[in-house]
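Visitor: Below are the chains, spelled out letter by letter.
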Amino acid sequence: MERNHTQELLSAIQHADRAGANAVIEDWARGRSFSLAVTELLAPTLEAFGEIWSTGQGGVSLATGYVASKVAEDVLSRVLLESDTASGVAPSRGPVVVGNVEDDFHPLGRKMVAAFLRTSGWDVRDLGVDVSAAQFVDTAEACGARVIGASAMMYTTAKNVRKIREEIDRRGLRGKLQLALGGAVFKLRPELVADFGGDGTAASAVEADALFETLRQRSLGLAPACGRRTP
Amino acid sequence: MNSLERVLAALQNQPTDRPAFFINASLYGARLTGAHLDDHYTQAEVYAEGQMAIRETFSPDLLISPFFVPAIGEAFGSPWRARPSQAPNTVQFVARNAEDMLKLPLPDVDSHPRLLYLRETIRILTRKYAGEVPIFGVLVSPSDIPPLVIGLEAWIDALLFQPEVAQALLDRLTPFFLDLGKAMLSDGATGLALTSNLANTFIVTEAIANSLTLPALQRALAEIPGPVIFHHGGCPLVDQLARFKGLPNVVAYFIDVGEDLGLARRNLGPGPIVMGNLSGPGLLHLRPEEVTALCEQAFDQRGEDRQFILATCSADIQIDTPAESIAAITEAVCRAGGAEA
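Here the protein sequences come in this chain order: F and D. Sequential numbering of the first sequence, starting at 1, is according to our numbering. Sequential numbering of the second sequence, starting at 1001, is according to our numbering.
No lab work stands behind these hints: they were computed from the structure. Glycine residues also receive a C-beta, built at the ideal position from the N, C-alpha and C atoms. Some hints could be false.
What the hints assert, rightly or not - Stretch by stretch, here's where chain D covers chain F in the computed footprint (C-beta under 8 Å, at least three residues):
{"hint": "1", "stretch": "57-68"}
{"hint": "2", "stretch": "106-114"}
{"hint": "3", "stretch": "153-163"}
Claimed, not checked - Straight-line C-alpha distance at most 20 Å; calculated EDC-like pairs for lysine to aspartate or glutamate:
{"hint": "4", "chain 1": "F", "residue 1": "LYS163", "chain 2": "F", "residue 2": "ASP195"}
{"hint": "5", "chain 1": "D", "residue 1": "LYS1128", "chain 2": "D", "residue 2": "ASP1187"}
{"hint": "6", "chain 1": "F", "residue 1": "LYS70", "chain 2": "F", "residue 2": "ASP27"}
{"hint": "7", "chain 1": "D", "residue 1": "LYS1245", "chain 2": "D", "residue 2": "GLU1259"}
{"hint": "8", "chain 1": "F", "residue 1": "LYS70", "chain 2": "D", "residue 2": "GLU1206"}
{"hint": "9", "chain 1": "F", "residue 1": "LYS187", "chain 2": "F", "residue 2": "GLU51"}
{"hint": "10", "chain 1": "F", "residue 1": "LYS70", "chain 2": "F", "residue 2": "ASP17"}
{"hint": "11", "chain 1": "F", "residue 1": "LYS163", "chain 2": "F", "residue 2": "ASP126"}
{"hint": "12", "chain 1": "F", "residue 1": "LYS70", "chain 2": "F", "residue 2": "GLU82"}
{"hint": "13", "chain 1": "F", "residue 1": "LYS159", "chain 2": "F", "residue 2": "ASP130"}
{"hint": "14", "chain 1": "F", "residue 1": "LYS187", "chain 2": "D", "residue 2": "GLU1259"}
{"hint": "15", "chain 1": "F", "residue 1": "LYS111", "chain 2": "D", "residue 2": "GLU1153"}
{"hint": "16", "chain 1": "F", "residue 1": "LYS111", "chain 2": "F", "residue 2": "GLU47"}
{"hint": "17", "chain 1": "F", "residue 1": "LYS163", "chain 2": "D", "residue 2": "ASP1320"}
{"hint": "18", "chain 1": "D", "residue 1": "LYS1128", "chain 2": "D", "residue 2": "GLU1049"}
{"hint": "19", "chain 1": "D", "residue 1": "LYS1182", "chain 2": "D", "residue 2": "ASP1171"}
{"hint": "20", "chain 1": "F", "residue 1": "LYS159", "chain 2": "D", "residue 2": "ASP1320"}
{"hint": "21", "chain 1": "F", "residue 1": "LYS163", "chain 2": "F", "residue 2": "GLU141"}
{"hint": "22", "chain 1": "F", "residue 1": "LYS70", "chain 2": "D", "residue 2": "GLU1153"}
{"hint": "23", "chain 1": "F", "residue 1": "LYS187", "chain 2": "D", "residue 2": "ASP1239"}
{"hint": "24", "chain 1": "D", "residue 1": "LYS1245", "chain 2": "D", "residue 2": "GLU1223"}
Please build the complete structure, drawing on both the sequences and the hints.
Guide: Below, the structure written as structure tokens:
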């Protein structure tokens, strides 16, 4: 009977079994490639995992999500090794900028988002914690990103998202540069996304890819030729 | 009936003149005194004046030492920063991972200046309110200390992939936790209030909770010579009360914003107090009449349950919250007891 690798991988991730997950991917990639495993095995598995996570059911904890991001990083490492010896490279879907807003020092969620975005082929410019509004927008302009992803854990720091919104608007980039928001406070109070000037949010880190793609398409629809080096 | 009598009556399932209530106004005290936050979070007298102002203005039935867990991180070497309108935040971690943290010396609760600050606030408030208002010392459980010293990511990594190192760190931290908790009680605290997020399966897997963090919590609490309030720490708690009920010395469980008080009682069974379920930070956006409605909803949920304390949960009440929105809680509680605010 043929193995259902997607189901096995999902089960391993749900049980926070990083080694088991990597063994499933290793088996699938045998005779194929790890870059193919990203698109044909890992991506659909993470999508299913994200749906379970976003419902709050299925016993998915933050630690389980962390394991999922580690598995994604493990596969990307194999893709990079593969690209040194063959032609397989992760597809580029353009640059994006992520960081924790000014005064926020809770990096875990942002790092998980960055891992999932990289797995999905985004060129992630991760600015770390305590990032000023100017740093976010400077970097986005310099690399031609269409989307900024800003993370905040608490209400007090989430208020600093407004500064990013103001900076984007002050430079005349509204619409062209989309602002994705994430972090515990936005999960608990999604209405704050609009209040603080965000353009969208996702229910879990895994779903960041779909959000960023939606926002990128929106940006391209509003400003097809905007920005320097914009893809 | 004074506040201490009211809280003790709730604990003993006895009638009270009005429901007891608590507001997490650790930060908000600085709004009432006008103190600079750097002073509020470093000078015990300044902080205590804030809690006294809270008591004078809103009449809550419990007061607390600073809701300032980065102070514990600082005791291990992690710096914090207070912005003009925010409670302090740990801004850098002194160690990279659990193995490095194992090598750090344990802070001395009798000499570290920030720990002495926490303890002195308890002494001052106890001198002022002994026999009148319960004072609770705020700290975190052993499993919640590493995120303040190595960060949450490194700690989850150790719990997942280096369980023997994680166990060694929990074992090492437990004596420090006990020293600080016992010191707060000897300073006059009526009890302790603590979080244990890393024992909550919203944060960690069941395997980690069952094998590492929950047993460590049970062992530590068993040696605390006083009553303990178990705070949800920002995580949903009601669905996990079956896991946490019966923790040694825990007399009250503090549930998350909007969680059902009736369901909490059903999950806990009789005995401990249920505290909650108003949002502290959320008061900022609520008109007084909206706060009143939430209080009344909470009273409806608790029904005839006497072992209930209406409380703001989640984080601190924000410093720019209108006083009228906080006063609406006092007024709702007094109305529920048939008295004037």
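Visitor: Among the hints numbered above, which are violated by the structure, and what are their numbers in rising order?
Guide: none
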